[in-house]
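**Student:** Residue numbers (the numbering used here), protein chains in the order written: chain B, 776 to 952; chain D, 111 to 433; chain Y, 2 to 435.
Derived from the structure by calculation, the hints contain no laboratory data.
Treat the hints with caution; some may be incorrect.
Claimed, not checked - Capping the alpha-carbon separation at 25 Å, the derived lysine-lysine pairs in BS3-like fashion look like this: (1) B:LYS784 x Y:LYS220; (2) Y:LYS277 x B:LYS781; (3) B:LYS857 x Y:LYS274; (4) Y:LYS402 x Y:LYS141; (5) D:LYS131 x D:LYS375; (6) Y:LYS274 x B:LYS784; (7) D:LYS368 x D:LYS271; (8) Y:LYS141 x Y:LYS220; (9) B:LYS782 x Y:LYS204.
Residues per chain, in single letters:
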Amino acid sequence: MLTVLKKIKTVMNRVIMIVASILTIVLVLGALWQVFSRYVLNDPSTFTEELLRFLLIWVAMLGTTYAFGSNEHLAIIYLKNKLRDEQRKYLQLFIDFTIIFFAGLILIKGGYSLSTSTLNQLSPILRIPMGYIYAILPISGTFIVFYQIINMFERREQTELAQQVVTPSVSPHTRKE
Amino acid sequence: ACGSNESSTDTPRESGNGEAKEHNLTLAHNLSEDHPVHLGLARFAELVEERSEGQITMEIFPNGVLGDEREVLEQVQAGGVDITKVSAAALENFSSQYAVFSLPYVFADEEHFFQSMESEAVAQLFDETEADGFVGLTWYDSGARSFYTVDQPIMHPDDLKGLRIRVMDSQTQIEMMEALGGAPTPMPYGEIYTALQSGVVDGAESNPTALTTGKHGEVAKAFSFDEHARIPDIAVISSAVWNEFTDEQRQFVRDAAKESTEYQKDIWAEAVEEAIEEAEAMGVEFHYPDQEPFYQAVQPLHEKYREDEKIAELLDAFDQMRQ
Amino acid sequence: MELATQAAFLLFGVFFLLLAIGVPISISIGLASLGAVILVMPLETIVFTAAQRMVGGINSFALLAVIFFILSGSIMNNGGIALRLINLAKLIAGRLPGSLAHTNVVGNMLFGSISGSAVASAAAIGSVMAPLQAKEGYNKAYSAAVNIASAPVGLLIPPSGVLIIYSLVSGGTSISALFMAGYLPGILMGLAVMVVAFFMAKKNDYTVSEKVSGKEAIKIIWQAIPSLLLVVVVIGGIVGGVFTATEGAAVAVLYSLALSLIYRSLTWAHFPKILKETIVMTGIVLFLVGASSIMSWAMAVTGLPAAISQAILSISDHTVVVLLIMMLTLLVIGTFMDLTPAVLIFTPIFLPIALQMGIDPVHFGIMLVFNLAIGIMTPPVGSCLFVGCSVGNVSIEEVIKPLLLFFVALVAALFIVVYVPAISLFLPELLGLL
Ligand code: NA
Ligand code: NA
Chain B
776 MLTVLKKIKT
786 VMNRVIMIVA
796 SILTIVLVLG
806 ALWQVFSRYV
816 LNDPSTFTEE
826 LLRFLLIWVA
836 MLGTTYAFGS
846 NEHLAIIYLK
856 NKLRDEQRKY
866 LQLFIDFTII
876 FFAGLILIKG
886 GYSLSTSTLN
896 QLSPILRIPM
906 GYIYAILPIS
916 GTFIVFYQII
926 NMFERREQTE
936 LAQQVVTPSV
946 SPHTRKE
Chain D
111 ACGSNESSTD
121 TPRESGNGEA
131 KEHNLTLAHN
141 LSEDHPVHLG
151 LARFAELVEE
161 RSEGQITMEI
171 FPNGVLGDER
181 EVLEQVQAGG
191 VDITKVSAAA
201 LENFSSQYAV
211 FSLPYVFADE
221 EHFFQSMESE
231 AVAQLFDETE
241 ADGFVGLTWY
251 DSGARSFYTV
261 DQPIMHPDDL
271 KGLRIRVMDS
281 QTQIEMMEAL
291 GGAPTPMPYG
301 EIYTALQSGV
311 VDGAESNPTA
321 LTTGKHGEVA
331 KAFSFDEHAR
341 IPDIAVISSA
351 VWNEFTDEQR
361 QFVRDAAKES
371 TEYQKDIWAE
381 AVEEAIEEAE
391 AMGVEFHYPD
401 QEPFYQAVQP
411 LHEKYREDEK
421 IAELLDAFDQ
431 MRQ
Chain Y
2 MELATQAAFL
12 LFGVFFLLLA
22 IGVPISISIG
32 LASLGAVILV
42 MPLETIVFTA
52 AQRMVGGINS
62 FALLAVIFFI
72 LSGSIMNNGG
82 IALRLINLAK
92 LIAGRLPGSL
102 AHTNVVGNML
112 FGSISGSAVA
122 SAAAIGSVMA
132 PLQAKEGYNK
142 AYSAAVNIAS
152 APVGLLIPPS
162 GVLIIYSLVS
172 GGTSISALFM
182 AGYLPGILMG
192 LAVMVVAFFM
202 AKKNDYTVSE
212 KVSGKEAIKI
222 IWQAIPSLLL
232 VVVVIGGIVG
242 GVFTATEGAA
252 VAVLYSLALS
262 LIYRSLTWAH
272 FPKILKETIV
282 MTGIVLFLVG
292 ASSIMSWAMA
302 VTGLPAAISQ
312 AILSISDHTV
322 VVLLIMMLTL
332 LVIGTFMDLT
342 PAVLIFTPIF
352 LPIALQMGID
362 PVHFGIMLVF
372 NLAIGIMTPP
382 VGSCLFVGCS
392 VGNVSIEEVI
402 KPLLLFFVAL
412 VAALFIVVYV
422 PAISLFLPEL
432 LGLL
């Protein structure tokens, strides 16, 4: 089970990073094109301003999703690190739950109704349905929930391993979160 | 503060549709509290409250605290906000017929504009979007838009050649600039001042109040009254609330809306006059070009948009009122 | 209880509780906002609007600059740019007592003038300086403290990602004006660290670097010029109207990329890692921006900002006192909260009060960022503190004592910036940006 989940996570990581990397490169090139078309060609690009804003939303949400997978979001772990292993386990479970709750309620549920209710609204310049732009919310929400579930399994495995080893080589207090 | 609250304790007023509910409505928009359109909306809220004897009350959220125009309209569609005002230019993304107001020189002058806005065609347009989640209530004057540049007056479309002019985020505005020969440059409103100052753009287009409230007159010294567009602000109400109203309540709201429009027209005219005076003191020079060459230059654009049947109907209705 | 009071209790109560137990800051902000706004709206409306505010917060052309500055910082961090700037810093500050400490500070100032990230600066400059200082017999914890205390100067010296975020949440304060306003306070911040370093050098008999020959000096300057030209290209381009601030950030990416490839300090093989760092960091920062946008909506519909400003103004309506209250609050907040979330949360609360007192929004932005920049070096939580300790190879406990003196000097400098607006406003006024 866990090996399958880990494999899924690796694939998710990869897909997200490849898509986000391509979009990031487009962001840089698009902004440079905007300068070039206006300053050198004197024929300002009219679509880049809107396109880049929309791509930024996608890159940001993909990066957000990835950072949940790798546990990199800013948090104050001072208190958590002071706890004993057992207590920390329950606290961590609660934290996982708050993330899943937020992702499920706002990103998936809210994002889905936002996205479906704006399919008839067109963006001012590119004339694409706004619902497509908003679609990144339920997409990233779903990925975040997956990531959190996989992370929960991974943590359980870690604690089981730690219990088997008599003298843990890494103090849990210095474990990177 | 949101949506409508049922009330069984107060005596409801009878009307054709049965029991009348009490409503505490949320009205949100993105203008400051001294803007003429805000004053129009505030007057509207006051009148509705008065006429309905407190049955319909409103809480106003100005300054865009609930989101920008587009976002608040989405909230109106979803039922989070009940009433808002939207520029017709933004409405065209929700309902394509509204693009008619963004076309240049649809209206010959202010009188023609006012008459057209009161026409049956516009009243119909207001009702047509009910299935999209909102209904138009009334319009507010947002003046005539003209070009202003750092130093060079625009007396003829040829003067726009090679100039980068900031335009609003809108396909019709871009096509208009192209038809007139300038280089359309979309950018956020907040960046215009710096862009004019540093030379990223040579000019922009709006009504004279942009010179003072946006301080653009500090950096743009030539304002040319070519008056290429009159894009009204439209007050809209969510279909959900509209359908809960009794006939009598609808009438209160319609009447109050209409009256507030008359009230706002005068405030707007005063605000523009004040802005012109203030801008002159800032060193802005006002120019009055012959509008005919501009009008001729954009005719192909009208032809193109006439392909849309509903827009063609509206254009015909407006043209009938031309003197 | 009044609605605003109830909302305040819910919002801040839930927020600090979740924050304290280790829930990610962005999630804490989001959930606390929902907790407050549930007082006035049905859940379905809340959920829809919160999702919309999340995207609405990120949907801004100006915020593109944030990802660009993170990307260019990441490229420079891997590049040979830092080394050349340190050589120049040594040339500038090398004859002062305790010269390596001064070199570190000036190095951070130079790096900050081309990069918008304090953490990148602490890592890039600190990792080169730490071994040099150890070799000269400097106390390890002291060297790390110097680096940690001076790395945040780049947040004020433009370009600066956080000033762009402030410009946005403050309702469109001119980015050009903010950038110009940041120079002098940023330099003052560096000088405050140098004053302490000067006395510490006397006390500990730290060495002065050897005099550099004229020929060598010319070589060092020559080598640093391409890096420093970035200032001319980017800041010059923005002020000169070639491009907007956001576009300038993209130009900075192109420039630093070209430079690093020419220096051969970067190969194409580094790219996946640089992109990944950038995307993750952007995701973290912009998700915070989105969550904060939910919070400012929640505060608006519950009438919180007005209630808070009333509460503060009821204590005193003296500008001096009100500013003091705000600055002390922010110093406390800064101990445990990172710069970006603090700017996002406190700008909508404090700025209206400041405006009411007639304070220029540009000046307020500078004092806010200066204040919270001190926060990223203070324990228990501070990104600069963590990175500085890690590259300096010391523990947080060890670095606290040497940091304390720098902290005092920086707070003194902060109050000079707060109560002497001209330090911030002189340059933008000179250039006609205000
Ligand atoms: Na900087
Ligand atoms: Na801190």
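**Student:** Does each hint hold? Answer for all of them.
**Tutor:** Tested hints:
1. B:LYS784 x Y:LYS220: 51 Å, violated
2. Y:LYS277 x B:LYS781: 19 Å, holds
3. B:LYS857 x Y:LYS274: Violated, because 33 Å separates the two Cα atoms, which is more than 25 Å.
4. Y:LYS402 x Y:LYS141: 12 Å, holds
5. D:LYS131 x D:LYS375: Distance of about 32 Å is beyond 25 Å: violated.
6. Y:LYS274 x B:LYS784: Judged against 25 Å, a Cα distance of about 18 Å means the pair holds.
7. D:LYS368 x D:LYS271: Status violated; Cα separation ~42 Å.
8. Y:LYS141 x Y:LYS220: 30 Å, violated
9. B:LYS782 x Y:LYS204: At roughly 58 Å apart (the allowed maximum being 25 Å), LYS204 of chain Y and LYS782 of chain B break the hint.
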